[in-house]
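Participant: Listed below, chain by chain, are the residues.
Number of protein chains: 2
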Amino acid sequence: MLKRSVDLSEKSNVVYIGRKPPMSYVMAIITSFSGSNAKDVTLKARGRSITTAVDTAEIIRRRFMKDLDISAITIGTEEIQQEEGGTRNVSTIEIMLTRVSP
Amino acid sequence: MLKRSVDLSEKSNVVYIGRKPPMSYVMAIITSFSGSNAKDVTLKARGRSITTAVDTAEIIRRRFMKDLDISAITIGTEEIQQEEGGTRNVSTIEIMLTRVSP
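Each protein sequence line maps, in turn, to chains A and B. Mapping of the first sequence onto this note's numbering: position 64 corresponds to residue 64, and the numbering continues sequentially without gaps. Mapping of the second sequence onto this note's numbering: position 45 corresponds to residue 45, and the numbering continues sequentially without gaps.
Hint data in this document are derived by calculation from the structure and do not stem from the laboratory. Warning: the hint list may mix true and false statements.
It does not matter which identical chain is used: a pair holds within one copy or between any two.
[Stated by the list, open to error] BS3-like mimics (lysine-lysine), calculated; alpha carbons at most 30 Å apart, straight line:
1. K20 <-> K39
2. K66 <-> K44
3. K44 <-> K20
Nothing here was measured: the structure is a model prediction, and the numbers come from that model.
The whole structure should be built from the sequences, with the hints applied where relevant.
Facilitator: Written out as structure tokens, the structure reads:
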């Protein structure tokens, strides 16, 4: 069995976007920034939730934390194992929000 | 009345992504590249179609034109006038695909 050690000081701030409304994730991101002195938080989503990730990034940046920049956006593809066998592809997005020092 | 002159040599290659399946847009993009010697084509989408835009970019890049790079992704917000009065915000995405010379 492989044992993995986790370095807590390298904690990456990732918020996974699912099927809840954007405002739930806005709250999670604000908490993530304020609880950790983090300079950036990355939103990750796939499939239909990609739109919610974009909505979330836009809402937080325009309404709640105006000192945030979108520092990187990447898209990709993940292969999903299906229960009935075989695989299917699903698109992914990662949006990195970075706090700009005032 | 304002008269606008359109410079045809500066034609920008934009493919608007809507509610059709990704493969329709894949075909439009391939046509856009081959018909114009263009070096890049930009996909534009808003709202629920954002996911389709990401799917389209991934499918064309992985299956059809492997010499394409995603050179820029930007997200934004547009204000939509509603028929019943008032406005609502909708998220937008622009994905620029650029042909890498072999």
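Participant: Could you run down the list of hints and mark each one as holding or not?
Facilitator: Right, here's what the structure says about each hint:
1. In this assembly of identical chains, K20 and K39 lie within 30 Å of each other by CA distance solely inside one copy; the values are 25 Å within and 39 Å between copies.
2. Proximity of K66 and K44 under a CA criterion of 30 Å is satisfied in both settings, with 21 Å inside one chain copy and 25 Å between copies.
3. Taking the closest pair of Cα atoms, K44 and K20 come within 30 Å of each other both inside a single copy (14 Å) and across two copies (25 Å).
Going through the hint list in order, the structure satisfies each hint without exception.
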